[in-house]
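K.L.:
So the sequences go chain by chain: F and G. When you line the first sequence up against my numbering, it's residues 1 to 873, in that order. When you line the second sequence up against my numbering, it's residues 874 to 1080, in that order.
Warning: the hint list may mix true and false statements.
Unchecked claim - Simulated crosslink set (DSS-like; lysine-lysine; CA at most 30 Å straight-line):
#1 F:K765 / F:K748
#2 F:K177 / F:K347
#3 G:K996 / G:K1033
#4 G:K1033 / F:K627
#5 G:K978 / G:K1067
#6 G:K1033 / G:K1000
#7 G:K1059 / G:K887
#8 F:K627 / G:K935
#9 G:K999 / F:K627
These are calculated hints, taken from the structure and not from any lab test.
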Amino acid sequence: MSNKSAAATAEASSASAAKRRCCFQETSSSVSLSSSFGSEDMQNLPPKTPLLGETAGLVASAGVSTASAAATPMELGIRDPVLKRYSRDYSRSFQPPQGPPPPPTSTMSNRLALQQQQQQQNRWRQQSGTFEGDSRSSTTASSDFIAAAGLPRQSPAPSLLGDRRQQQQQQVESNVKINGLQMRLLAEESARKRQRIEADQQIHRLRDENIRLQSREGSTEERSRLATVTAELQTVRDEYQDYRSKTQRTLDDCQRNVTRLNREKLELEERATADKERLALELKEARNRVFELTSRELRMTEEARMQAEIRSKELSEWKAHLAEREAQLEESSKLQARVNELELQAKRHESERARLKSANEAIDRYEQVRQQNARLKEQLAAAKQIRDDRLVLEEENRSLRGRLESAESRAATLAADLAAAQTAEAKQSDRSANQSLTADHWSSESARLASAQRELALATAGRAELQIAVSAAERSLSESAAAQSEAEAKIQRLETELGELKRRLRLLSRERDMLKEFVASYRLDCTLGGSGSEQAYLQRISNMESLLDDYKRQLDEALAEKSSTASAAPSRLSLPVESQQQQQQQQASSRLSLGELASKQEASLVIELRQQITELHKRLAAAEEDKEMLAAREARLSDLGDADPRFTRVLHLVQNPAQEAEEARENELAELRKKLEKALTRCEKLEEKLKNRAAAGPADGEAAAATAGSSAAATSVIGDMTRDVSMIVGRGDLLTEIERLKTELDRKDLQKQRQREAFRTNTEKMREAVHRLLGYRVQLESDNPSERLFRISSTYVDFDEQDSDKTSFLFRLNDDNVDLLTTDYVSEWQSDVRHYVQERNSVPAFLATVTLNYFGSSTTLVSSSVMGATTIS
Amino acid sequence: MPVAQKTKHAITLKGSTKTVSEFFYYAVNSILYQRGIYPSESFSFEQKYGLTVLVTSDEKLKAYLIKILEQVKQWLSDLVIEKLVLVIRRVSTQEVVERWQFDIKCDKSAKSDEPMVAEKDEKQVKKDIADVIRQIVASVTFLPALDFQCSFELLIYCDKNTELPSGEWADTGPQLVSNSVEVKLKSFTTSIHKVDSLVAYKLNPNE
């Protein structure tokens, strides 16, 4: 009784624990109850079976990922391929189970199978929950990703969700069914266990009583009682056997039901797995698509941005280039203007040179005028001298007149004396006779008269001469006065002209200085301007040198002339002295002649030559100065690296880095020009397109779609660059295009999914039809569709073993024949293979034979089992 | 009474030519590196004259320098060379912005087969060359930065009667820097060749 109560207590406690715990623990309690079974049952248990449920439960409570990560089904001793399959990563592609689950060899294994199924269901639930969670998280992640990428959020397709919900509902229903059946099974099992426990208790009780009775041997009553008890024991044993066989049958039925349900469940799981795989694949595809779209959009945006940057850079470069070109153009125009200016200046310089020449001539003329002026001055001086002479002559004339007057008075006195003498002579003649002394006195008086008469004649002649001289002097005086007035007028005129010439000379000197400065700067420019101007520079230097030579020559000539003049000078120079002397003599004789002016001209020529020499010396000094300055400049340029082409050659390699860089730049510029032209052409096209679009205007959605379609077509026609530019120009167009593409993509995806589903449904239907009509399950073995490898398994083979090489055929379909691949299973059908396939070349006949064989054997099995059951019973 | 005897150093034309052409190679390399005409990645370190100098590893540039310096070597030994000029030009405008001039004065009395009495020993000459290289390197501190794409060219000033070796050589102009500022660098002499250095540059090349 104590044992019974203990068992009942244990049962009650286990039942209450089963209520409290999860199903795994409930199963483990049932397993622990089975510890009271016989040794035969105990041997079927795996060594760690009691821990399985706990471990699985713990693992399941910890989550699927932990279960799959911490303990694989094989490690846990789970032999169910379904569990193995679910323990795999759900993201992997679906693969049919490689081997059937181990057949239920005993009741314990059935229980284990039930436990494992329940564990697997729970795991599946958790997995599905996790999967849902994963999918939710993945959806969230994808939505976050989309949000991060700036794309509009997309809700999952409603058809997909509906299918999933339907499948989940079906699974839940099947799970409910399975759970009900399992509960029923458990109830029956617990009832059976209770009965078994009761029978065991009774057996124990009977055994105890038997032992107790055996201890009381010798007593007949007890023997009879023992026999009765033995008979009762036998009866109980029989009943127990009956009950056991009945229970076994019930268990077998349950097992079959469980197997069927398991099969259904497996199918559902397969379907669910397939759906899950499909959904995962679709999700993955969708993610990939979204990612691709996002990355495409990002790439396009990035490309557009980069294109914009490149364009802006190119534009800025072109602007810079244009600015440079403009600067160059401006510089060249400046240079051109400078050249024009220089040409003008050169012309001006030429004209100024002509003017300078004329000025030089004027200077020469001025010199002549000055010389003429000097001559005139000399003439004036001579005239003044003549005037002085005239004054002297007038004085002399006056003195002569005085002398004449005195002579006349003396002559009058003498005439009076003569008259007195004649009176006295007459008186004397009267007295002649009288006196002899009076004759002497007469003769002396006569002599004195004669001398007085001579003196008078002389005085008269002198007077006449003086009168002639006076008239000549007066004539010459009048002439000199006229010459003087003329010379004074000429001097006045020349002085005016001289002032004018001096003014012009000053102006010309200033202009010459300015021109010299300009020429010096021009020379500097020419010098720094490069090798092209060297010739002009050298030409100028040679001109200067030739000019210097001319000056030297002129100087030599002047010196020679001077020396020749100097040799002739004594006679010529003495001329003025002589003329002075002559003039003095002439003054003395009151005679001046205009021939003296010629000698004065010669003297002025000498002066002029001297002046010319001085001028030439000055010019020579200036030229020397210029030469020194030029030499200094040349030396500086030489220091800076300038080369004198007369002595030095500057050489370089024709192919040099600078040349290569220049060529590369030219090529690059040409390429950029081409690109620019291309881009401009495309921009024009784009603008035209935009104008057309703006003119058309999106009236409604269809029109917008049509516009988008036409824009896409136009864009494809224009080319990649234009599309990029259009994306840059019209961001709205780009977004519209993206939206349109997304919509189209979604539509295509939906269409593709529907087609896939329709295809899958039809395939399933076809497979189901083939399966049900021809008795074979046909599966495409290889993932490669071109290989066309099919696995054929009979419907009469145990479902769990259908995919195994041991129970299925592998066929490879070629274009003209069918190959049966050698497997272990084929070797079992060697004779039929030889007969039908090899000899008669008929695979259908072979398969039909196999079907018939299976059919016969399954029928035989059923009948044999029935017979066996009959035999057992 | 001890008698001190002065040591005399001898140098040949060949040795002087080698020394000077070697100096040109390293000087040009240093200028090209310091002025950033070629990217710094294309230069590698080398020990020379007791200094770490940078030498180009650009094969094309190396070939150009070797070709031009081989000819320079020939003209150095012929005593007809007068100047070696490195002209730096702006690629966009072809304007000369910098000009490194090495004036070479040759002792015309030197003969190829007779060694001459050298004023300085080889060590001293190398020290002088190192000083010039140091000055070239230090010149980056005062030379204006070249913030634009530049290229360079080497010009050789020779005697008027120099015969050109092949069609690869041609006459050109001196390519002076307009409105330049000149800085004279140190010089060195091998007793046969005297090399004076000068850099002329545009003060504001970016304007």
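K.L.:
Would you mind marking each hint as holding or not holding in the structure?
P.N.:
Results for each hint:
| no. | hint | verdict |
| --- | --- | --- |
| 1 | F:K765 / F:K748 | holds, 25 Å |
| 2 | F:K177 / F:K347 | violated, 120 Å |
| 3 | G:K996 / G:K1033 | violated, 34 Å |
| 4 | G:K1033 / F:K627 | holds, 24 Å |
| 5 | G:K978 / G:K1067 | holds, 5 Å |
| 6 | G:K1033 / G:K1000 | violated, 33 Å |
| 7 | G:K1059 / G:K887 | holds, 23 Å |
| 8 | F:K627 / G:K935 | violated, 46 Å |
| 9 | G:K999 / F:K627 | violated, 42 Å |
Comparing the model with each earlier hint shows violations of hints 2, 3, 6, 8 and 9; every other hint is respected.
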